[in-house]
Amino acid sequence: MSAWPSLGFGLGLRSIYYPAVLEQKPSVDWFEIVSENYMIPGGRPLSILERVRADYPIVMHGVSMSLASSDPLDFDYLTQLKALAERIEPAWISDHLAWTGVDGVNLHDLLPIPYIREALDHVVERIRRVQDFLGRRLVVENASTYATFRDSEMEEWEFVREMAERADCLLLLDVNNVFVSGFNHGFDAARFIESIPVERVAQLHVAGHTTYETRKIDTHDQPVCDEVWTLFEQARHRFGDVSAMIERDDNFPPFDELLAELWRMRDIAARADAGRSRSAT
Amino acid sequence: MRLHEYQARFQASVIEGLDSGKAEILDFVRDSPRTDRETLFRVYVDAYRLRLAEFVSNDFPILRDSMGDADFGSLVGDYIDSAPSRQRNARWYAWRLPEVMRESERWKADRVSCDLALLERGLADAFDAADMPALAIDALAAVDAGDWSRLIFVFHPSVAMLDLARGVTRLYSALAEEREAAPVDDGAETTLLWRSDDQPVYREIAEDERLALIESRAGKNFGEICTLLAFQNGNENLMGRAAGFLARWFVDGLVTQISTSE
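Same order as they appear, the protein sequences are chains A and B. Numbering-wise, this note's numbering puts 12 at position 12 of the first sequence, and it's gapless, one number per residue. Numbering-wise, this note's numbering puts 213 at position 213 of the second sequence, and it's gapless, one number per residue.
Treat the hints as calculated values from the structure; they're not laboratory data. All of these numbers come straight from a predicted model, not from anything done at the bench. Be careful, since some hints might not be right.
Computed Cβ-Cβ distance ranges for the label pairs, DEER-style [as the list claims (entries may be wrong)]:
| id | chain 1 | residue 1 | chain 2 | residue 2 | range |
| --- | --- | --- | --- | --- | --- |
| 1 | B | Glu16 | A | Asp121 | 50 to 60 angstroms |
| 2 | B | Leu238 | A | Pro254 | 50 to 60 angstroms |
| 3 | A | Asp121 | B | Leu26 | 21 to 31 angstroms |
| 4 | B | Ser57 | A | Gly104 | 19 to 29 angstroms |
| 5 | A | Gly104 | B | Glu103 | 14 to 24 angstroms |
| 6 | A | Gly104 | B | Thr227 | 47 to 57 angstroms |
Some chain A residues flagged as far from chain B (calculated, every beta-carbon gap over 12 angstroms) [what the hints assert, rightly or not]:
| id | residue |
| --- | --- |
| 7 | Lys25 |
| 8 | Arg136 |
| 9 | Gly186 |
Note that CB positions come from ideal geometry on N, CA and C, so glycine has one too.
Go ahead and model the full structure; you've got the sequences and the hints to work with.
Take a look at the structure:
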């Protein structure tokens, strides 16, 4: 079982749901924010975040750290991130095993890396430096990808496992990203999950995606599909009571529908937990 | 190949697209079992422009309504092509749109659109400007009347003024409220923007209030402002108007601190 304390079952805090969250105080154990949305001087988003924070644990999830970029680390960005963390006191801070640009440019996307030794050494060193700067362990997420490189020297899960061990960071296992990348690149998603060290996983993500005949795209604009729920059950069985949440970033349903999806997550987790108990006895 | 070279080639291929002849990165990418590498890589290329266009569209919804989808789409395309993003936070990606429009041969002639962009950006800036509690008008009562001429004001970080074509502010209001507006003319107007109750707000201001605000924000005291206004227009009801501005600045929540000059 993961050594990291579980927050339970969470949702992404998105502006369209501010009224529902503030007025209903819904039965959600915690909320995850996109850090950059609140890395602004002041105003309504920050004041609402502080009101939500008064009632719920918050996790900060970033999209711009560009951990795998060959550009220097952006300490202006990290300073802003740290200031937000000091204000919000999140349970943890996460970002992605990805890069967003190089030579000062930002493509505002989570881009793939070749799984080569040079990249592994580079990412490990940067995670360590970020952890030193932030004064806390970082939680790093596997991204969905649409390209793999001929020169890769290892599989993605081997890279992730060694990265976590050497950098002494934690992992955010995005089950949907494993499923999407597995479909796109022809690897076995279940094998990926079975290869991730249990004690390193602090959080699970699930989300919806868009399916085309030859590829899947990680769009976060659909309900979670049955195959991803099956994979989530497998992950819950392996990692135990780990904080889990549903990401929804577009084509937003009424908040009650999202809450119903979160109840489905709880039910599946309960089933997986029961299976673990039976296996243990 | 080193990591930086992978990334530089990858980035160039995304920005230039697959039909540019610069997609050398594909030589280093695998086909997938289900499809070829071009099809998968195109996900990044398509997402790049779509995502940037969405950032601009989200920040300038009234400009989009005013221009119509075709012209706005063309403007966004020009903006994306003008320079790649160097902003870490997507919040600031579209910030340069008014400047790019005014520097563009194609768009600078459309002054209404240029000024709508300026106003819409100003409102977005006011929305997430730094926090600072506004001072209640009662604070004035605590100042001895003899010291009023020495009053100096500190304004809320969201306070800004924009010089626009006359009629643009009313056009913005009309578009936001989906009603007809009078045409914009060749004259000029000044619009004051700030944040109130977490929302950006604005109003047109007359020339004397504009001058008073410029001088106040530059650190001049109330007496100096009154002297300047008297010099500018010799209005015999000047003190009444100046006191009116002052009261309204407090009621609107523009003032965050007062002190008296030496």
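_Checking each numbered hint in turn, tell me which of them this model violates, lowest number first._
Hints 1, 9 are the ones this structure does not satisfy, whereas the remaining hints hold.
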